[in-house]
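S.K.: Here are the chains, one letter per residue:
Protein chains: 2
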Amino acid sequence: MKIGIIGSGNVGGALGKIWIKNGHEVMFSSRRPEKLKTLAESFGKNAHIGTPAEAANFADIVVLAVPWTNAFEALKSAGSLEGKILIDCTNPLKPDYSGLAVGYNNSAAEEVAKLVPGAKVVKAFNSTFADIMNSESRMFDSLNPSGFYCGNDISAKKVVAELIRETGLEPVDTGALSSARYLEPLAMLMITLGFGMGMGSSIALKLLKR
Amino acid sequence: MKIGIIGSGNVGGALGKIWIKNGHEVMFSSRRPEKLKTLAESFGKNAHIGTPAEAANFADIVVLAVPWTNAFEALKSAGSLEGKILIDCTNPLKPDYSGLAVGYNNSAAEEVAKLVPGAKVVKAFNSTFADIMNSESRMFDSLNPSGFYCGNDISAKKVVAELIRETGLEPVDTGALSSARYLEPLAMLMITLGFGMGMGSSIALKLLKR
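As given, the protein sequences belong to chains A and B, one line each in that order.
For what it's worth, this note's numbering labels the leading residue of the first sequence as 247, then goes sequentially.
For what it's worth, this note's numbering labels the leading residue of the second sequence as 247, then goes sequentially.
Rather than coming from a laboratory, the hints here were simulated on the basis of the structure.
Values in this document were obtained by computation on a predicted structure and should not be read as measured data.
There is no bait here: all hints are sound.
Note that identical chains are pooled: a pair holds if it fits in a single copy or bridges any two copies.
Dumping the calculated DSS-like pairs for lysine-lysine here, alpha-carbon to alpha-carbon at most 30 Å:
(1) Lys340 with Lys360
(2) Lys263 with Lys248
(3) Lys281 with Lys267
(4) Lys455 with Lys404
(5) Lys322 with Lys283
(6) Lys248 with Lys360
(7) Lys291 with Lys322
(8) Lys267 with Lys404
(9) Lys281 with Lys340
(10) Lys340 with Lys455
(11) Lys404 with Lys263
(12) Lys263 with Lys283
(13) Lys330 with Lys404
Build out the structure end to end from the sequences listed, making use of the hints.
M.R.: Okay, here's the thing in structure tokens:
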């Protein structure tokens, strides 16, 4: 296939390299394509360079891999994508990486905390299906799912981490209580997979490290 | 420890059972505690029953495990939690389970789709660190991370799923493009773990099935 990449940074470069190895033709693009020449040459004859508009025109599949703050301008310079597949790799990070700029401004945990002044609220056990917690064991073959939690009180989090460990999950501290803005959508993702996509409730997430 | 559970459904029941096995004292609660009698008796002498207020008073650690629509009322009936640890297990699901009622109303992918009329937008590659994609292999020992994607065009998603597979990730279809409302916070979770929590960028998520 012919793949055009808008934004040839870490993400676009890595994907393009892999797909070229798999035999696809890839055009990397930039407003100044000449700066991509060395990159493209190192990837062999199936690597091309061009402007975003050239990449969009060349490709059946366009990959948007730019910082969110550049996304609007990049799409504008790419021109019409009518009928093409556009793979959106962006994340709407705030400029200081402190959160998401689009669509996310609150969580149940933060609302709960407002209702219980003086309590040490820890978000936990919201992203693992009850069926998993109700079954004989938490193990998936030799792996146990991650038990994500967050909160603002360090000592309370230590206690909760131990309770999570006792349930057979691996505690993963995800930071301040505002991280519930990520843990609650995580639960919604699992619900979507389990019910919307028909995977059922015998699924769970594991944080891999290497 | 003494643990009070507000909401003794699937989640609260499963957690309480596990913690009792581990030697903790657990009070299950309901506005009508008598309906929990059979449940509690089956868990042995460390299981107690009471009202939400009694459970809150009894416990060092209070677990909120009720449907979101009941959370405000349940906390009100529990009374002050000053100085206690409150584990919030809720998810602010809309009554029809179609999404989150709190804080989530948009995504970058949906904004992108508005900008490219006629294009088949697929959200993908937004939740795996570029360092993973740039490294020699996607494997974590014998496991490969999940490559979550979503979109509204079935045929475009098939193409993208194959591209994901070619990168060495395991494609996981998460439904309509609006699921980007969960995949973008997922990326933010990984960024929080990698940078905010100091885990670095050699981490990834795997969907476990059993």
